Amino acid sequence: MSVFIAPLIVAGLTTALAIVITIVDAIVNNYGEVQIDINNGKRVLKVRGGAPLLTTLSSEGIFVPSACGGRGSCGACKVKVLSDVGPYLPTEIPYMSKEEIAKNIRLSCQIKVKKPIKIELPEELFNIRKFKGIVESLKDVTYDIKEVRIRLVEPAEISFKAGQYAQLVIPPYDNIRESTQRAYSISSPPSDKNHVEFLIRLVPGGIATTYVHKYMKEGDVLELVGPFGDFYMRDTNADMIMVAGGSGMAPIKSILLDMYERGITHRRVWYFFGARSGRDLYYLELFRELEKHWPNFKFIPALSEPRPEDNWDGEVGLITTVLERYLESIIPKDNSKEGYLCGSPGMINACIQVFERFGIKEVYYDKFA
Amino acid sequence: MIPDINPFLLFFASIFTSNILLTNFLGMCSFISISRDLSSSNGLGMAVTMVMTITTAVNWIVEKYILKPFGLDYLRYIVYIIVIAAVVQMLEMIIDRISPNLYMVLGIFLPLITVNCAILGVALFMQLRNYGFVQSVFFAFGSGLGWWLAIVLLAAIRKRVDNAPVPAPLKGIGITLITIGIMAMAFMGFAGMIKVQ
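Residue numbers (my numbering), protein chains in the order written: chain A, 1 to 369; chain B, 370 to 566.
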């Protein structure tokens, strides 16, 4: 009998402590019903308190953009808070500028709803919805980029501006226990209301990209939230200089197809696409075809390290060098210019410097971090 | 047998003459890593003091009414650690609710404290030296204050050392360990003045 006493007592003690913790948790973390006042009474929500503002709002159908899904690592889910929610947390400070702190803008994934709270949200956030879709096709466009085409089921139509992004909800898989959300730019044109298409590059160790590349199958049902973002074509007559690399192709493809379909072909567009070697290039035929039908559109793919088997006769060099050369001598200087950039932060920062040197100030970009 | 020591004497002894950190060298890991910054040191010292006092009291009760009667002395280490972890968890929740400002100061340190060996050390000493309940609580509170004092002293010294021309090979942890050694020698002067067991 005495053999059992030790395990029994340790188990009993642990259970007792666990019960006490659960009781304390239930008492201490019970904030009851709390009221959220959005835009000065325009919308008033009654919610269960205790959870972060971001998830509380999304459970009520209001989706604040967040690329990391609430882990406090992207700094996208900023919300203006009008009532007092306590001092800034160490997890918020790195994402805040002085002006934002002065306006009491907070990271909604970090602050918890514990008492009645007043917040301000941009009106367009109310248009953001959660969609259910079916993976219609999965294609390898390069060795590490997949084109994922999703047919929307419920609701069956989406309206967005070309260049915007949506958040894909990645279900738990393998040893990833929680569902995660990641932002991807929509690469299909807005005219195709029943579908969204993404270009997703495999990031070694990435939760979402590994899922898409290794686990996703045609016919899978998944959820996505959107549209978000302010990367879209500005309605001017300036020449457009677009630069992309890797899966940065996605929003640019959407913008270009949208412009062509809507007949905005009087604007001159140069599209520079940077890749390392031939195996990183894709959609060449599509854009060559577009060039034929759209005389003002020029597609300039460039390889930084072409390999012999690529038989490459196009531009060679880093995309910034090629861009510089074109701005210097090929692109006419008679019209004002706008820059549209999409790709890695390194590429974007380098391109912004080039634009600055040529006095191009209207630069829009989407950093894929 | 409960030793015949006045709890107040024990309290002061554990701060100065037998400082848990500088005479027993317990809790060194967080002592060295956090002492880079004075305000964090203050927060951590406060958290250690609070957790130490509460867990020692709970562990004394567990020892006296559960471990001893059933002859489970050999499970002491495991049980103490479980109790410490559970108490820290509860403290974290309660502080978050009662005082968000205090939580801001202590929040990130509380989970760190679960594995601070000074806290387990104090619980084990109180058992080893057969302290009574009141003695244990005073001893734990004093040890916590002693730890707090030591880390704040070290943080202040390190601030000065940062501006001093330290030889390159000794920069960082090297000079810190030497500093701690000299501090320990200073505290050694008090050793044995008050009987603690």
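Please keep in mind that the hints were generated in silico from the structure rather than gathered at the bench.
What you are looking at is a predicted structure, and each value in this text was computed from that prediction instead of being measured.
Incorrect hints may have been included.
Claimed, not checked - Some chain B residues flagged as far from chain A (calculated, every beta-carbon gap over 10 Å): (1) Thr-392; (2) Ile-451; (3) Ala-455; (4) Arg-466; (5) Pro-469; (6) Phe-556.
What the hints assert, rightly or not - Only some residues are given here: those of chain A computed to face chain B with a beta carbon under 7 Å: (7) Leu-8; (8) Ile-9; (9) Thr-14; (10) Val-24; (11) Val-28.
Unchecked claim - Quick list of the computed label-pair ranges, beta carbon to beta carbon: (12) Asp-531/B to Lys-115/A: 36 to 46 Å; (13) Gln-35/A to Ala-555/B: 23 to 33 Å; (14) Val-10/A to Asn-393/B: 46 to 56 Å; (15) Ala-525/B to Glu-328/A: 32 to 42 Å; (16) Lys-80/A to Ala-525/B: 34 to 44 Å; (17) Arg-177/A to Met-397/B: 49 to 59 Å; (18) Glu-328/A to Ala-533/B: 32 to 42 Å; (19) Ile-551/B to Ile-19/A: 24 to 34 Å.
Think of the CB as a built atom: it goes at the ideal place given N, C-alpha and C, for glycine as much as any other residue.
For each hint, the structure was consulted:
| no. | hint | verdict |
| --- | --- | --- |
| 1 | Thr-392 | holds (32 Å) |
| 2 | Ile-451 | violated (6 Å) |
| 3 | Ala-455 | violated (4 Å) |
| 4 | Arg-466 | violated (5 Å) |
| 5 | Pro-469 | violated (5 Å) |
| 6 | Phe-556 | holds (33 Å) |
| 7 | Leu-8 | violated (9 Å) |
| 8 | Ile-9 | holds (6 Å) |
| 9 | Thr-14 | holds (6 Å) |
| 10 | Val-24 | holds (5 Å) |
| 11 | Val-28 | holds (5 Å) |
| 12 | Asp-531/B to Lys-115/A: 36 to 46 Å | holds (42 Å) |
| 13 | Gln-35/A to Ala-555/B: 23 to 33 Å | violated (58 Å) |
| 14 | Val-10/A to Asn-393/B: 46 to 56 Å | violated (28 Å) |
| 15 | Ala-525/B to Glu-328/A: 32 to 42 Å | violated (59 Å) |
| 16 | Lys-80/A to Ala-525/B: 34 to 44 Å | holds (40 Å) |
| 17 | Arg-177/A to Met-397/B: 49 to 59 Å | violated (35 Å) |
| 18 | Glu-328/A to Ala-533/B: 32 to 42 Å | violated (54 Å) |
| 19 | Ile-551/B to Ile-19/A: 24 to 34 Å | violated (49 Å) |
Of the numbered hints given earlier, the model fails hints 2, 3, 4, 5, 7, 13, 14, 15, 17, 18, 19; all others are met.
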